[in-house]
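**Student:** Converting from the sequence shown to our numbering requires adding 36 to each position, the first position being numbered 1.
Please keep in mind that the hints were generated in silico from the structure rather than gathered at the bench.
Hints may be right or wrong, so weigh each one.
[Said to hold, decoys possible] Listed next, with one range per pair, are the computed distances between beta-carbon atoms:
1) D82 <-> Q137: 39 to 47 Å
2) G262 <-> D96: 51 to 59 Å
3) R163 <-> A232: 20 to 28 Å
4) D98 <-> R257: 28 to 36 Å
5) P241 <-> I134: 20 to 28 Å
6) R173 <-> Q148: 32 to 40 Å
7) T254 <-> R165: 53 to 61 Å
8) G262 <-> R173: 20 to 28 Å
9) A215 <-> I134: 15 to 23 Å
10) A169 <-> D95: 39 to 47 Å
11) R146 <-> D96: 19 to 27 Å
12) S85 <-> G262: 24 to 32 Å
As the structure is a computational prediction, the values presented were derived from the model and not from experiment.
Glycine residues also receive a C-beta, built at the ideal position from the N, C-alpha and C atoms.
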Amino acid sequence: MELDCGHRPTTVDHARDPKDIHEPERREVTALPGLRARPARGPSGDERSDAHVIEQSWDDPDAFAVLFDRYADDIHRYAARRLGTEAADDLMAETFVIAFQQRRRYDLSRPQARPWLYGIVTNLVGRHRRSEARRLRALARVAVLSPAEAEPLADRVVARVSAEHSRAQLAGALAGLSARHRDVLLLIAWGDLDYAEAAEALGVPVGTVRSRLHRARTGLRQALGGSDPTALHEETEKTTKVGTTEAMEETDRG
């Protein structure tokens, strides 16, 4: 079945108005077989692995809709947090278009496709580095945001920032990070990936993820007067954690 790529060109929200950064009501996506005029439905009772679904979609393209149902909301939320609500619809749709087009190259030894999809959307975000930095700097200039207006920055990670630091300061600190360090930090903080999943998403060794994350956290602490809003994720990394010395000895290949 031929893929319908009739989605509009991506636009980027520069957060001219702080009201533009609330969590969006996502529009319908029509870019994939079986998804016409249908919003994401969320996870179903389907217990097949993502790899199984992808393999099945080789002969039955409509089967790929299962991945959309499982992950579209998460991918959309991540894109909205990084580039704003106006860009998120298009980035999410384009992510699944690309995934559909590349599904025959998917490594079926990896049962979960979530890191793969986050890697695709992060690469798409990479086309808008300047726009993302402008958006963060714009947020940094907003003195006061209501909880609803600041929702994309008001998740459980940002809640770790001490009371004396505003969300605007956090946005400014994120803008000051290099793109590769920001990618790792936000895949873990906003994408909720673990180190191994972030490494898979970015196509780099786990040690490189640790090294970049260490540098990102160091940059945040310097900008935020010692606060570390991402420390929560250390508690979830016990199964893959190695010593700090070993992590910092890894070559940063990016």
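**Student:** Taking the hints in turn, state whether each one holds.
**Tutor:** Taking the hints in turn, this is what the structure says about them:
Between D82 and Q137 the beta carbons are some 23 Å apart, a value that contradicts the proposed interval 39 to 47 Å. Between G262 and D96 the beta carbons are some 54 Å apart, a value that agrees with the proposed interval 51 to 59 Å. Taken as a hint, the range 20 to 28 Å holds for the pair R163 and A232, whose Cβ atoms sit roughly 26 Å apart. Between D98 and R257 the CB atoms are about 48 Å apart, so this pair departs from the stated range of 28 to 36 Å.
With their beta carbons about 24 Å apart, P241 and I134 fall inside the hinted range of 20 to 28 Å. A hinted range of 32 to 40 Å holds for the C-beta pair R173 and Q148, which are about 35 Å apart. Distance hint check for T254 and R165: the Cβ-Cβ separation is about 21 Å, which falls outside the suggested range of 53 to 61 Å. For the pair G262 and R173, the supplied restraint of 20 to 28 Å holds, since their beta-carbon distance comes to about 22 Å.
A hinted range of 15 to 23 Å for the beta carbons of A215 and I134 is consistent with their spacing of about 20 Å. Distance hint check: the CB atoms of A169 and D95 are about 43 Å apart, consistent with the given range 39 to 47 Å. For the pair R146 and D96, the beta carbons lie near 20 Å from each other, so the given range of 19 to 27 Å is met. The hint said 24 to 32 Å for the Cβ distance between S85 and G262, and at roughly 43 Å that hint is violated.
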